[in-house]
Structures are given as structure tokens and as C-alpha cells.
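J.: Sequence:
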Amino acid sequence: MTNQAFVHEWYRTDQNESIEPLTSISHALSLWPETVTALALRLKDDELELIAPFGLADLFELKLRWNPNLVSYAVFEQRMLSKQFLQKWPKLSLIEQ
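Numbering of the sequence shown is given in our numbering, commencing with residue 5 and proceeding in unit increments.
Please keep in mind that the hints were generated in silico from the structure rather than gathered at the bench. Heads up, none of these hints are tricks.
Taking CB as the label site, the calculated pair distances span:
id, residue 1, residue 2, range
1, Ser-28, Ile-99, 18 to 28 Å
2, Gly-59, Lys-87, 16 to 26 Å
3, Asp-18, Asp-50, 33 to 43 Å
4, Ala-61, His-31, 17 to 27 Å
5, His-31, Glu-81, 18 to 28 Å
6, Thr-27, Pro-72, 14 to 24 Å
7, Leu-90, Gly-59, 13 to 23 Å
8, Lys-92, Glu-51, 25 to 35 Å
9, Ile-23, Ile-55, 16 to 26 Å
10, Ala-61, Ser-22, 24 to 34 Å
11, Ile-23, Lys-95, 30 to 40 Å
12, Phe-64, Ile-29, 15 to 25 Å
Built from N, CA and C at the ideal position, the CB exists for glycine as well.
Based on the provided sequences and hints, a complete structural model is requested.
T.: Right, dumping it as C-alpha cells:
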């Protein structure tokens with residue numbers, strides 16, 4: 005879990021550039037490396053609110069898809085390998101761009 009309010013203070017792109025401050029959790033999730041994990045749940049007015057800027061289709065269809073909004077495909081591939089998504093969830097399919 006990461007406090008998204010401070011990500012801009014430490015995160016660097018693969019070109020070693022900083023990013024602008026994130027304006028909301030939706031904004032932060034819209035920059036996530038893959039669409040299927042770009043989900044958040046929060047309690048608002050005693051009700052659960054789902055935040056899913058890319059929708060839920062990839063989650064329910066077991067699709068691992070690169071989000072090009074911030075990271076390069078190489079960064080996505082490295083993350084995919086380090087997290088072992090395809091080994092942990094063999095029914096997950098990689099959507100090639």
C-alpha cells in the first residue's frame with residue numbers, strides 16, 4: 005500500500021523524470037502499469053465506492069493489459085515478471101499491444 009499523495013516526490017520515469025502531483029486516487033490509478041490491478045475500494049458516506057478507471061472487464065475476463073499512460077512496455081514487462089502474474093494466475097492471458 006502506498007500513499008499516493010507523495011508518489012511524485014520519489015517516483016521517476018524510466019527517463020529519470022519526475023511526475024506531476026497526483027490529483028486523486030482515480031488519477032493515480034489511471035497511471036497504473038496494468039489495467040487489471042488499477043482498482044481501489046473506499047468507504048464514502050458509510051458505503052463502499054469502487055474506483056476502476058479502466059472498468060472491470062479485464063479483471064473478469066482474466067486479461068493482463070499494459071497501460072501506456074505512464075510506464076514504457078519494458079517497465080510493464082519487468083513488473084509482470086517480478087510479480088509473476090502469469091505464474092501465479094495461469095488462466096490470466098497477456099494482451100499484447
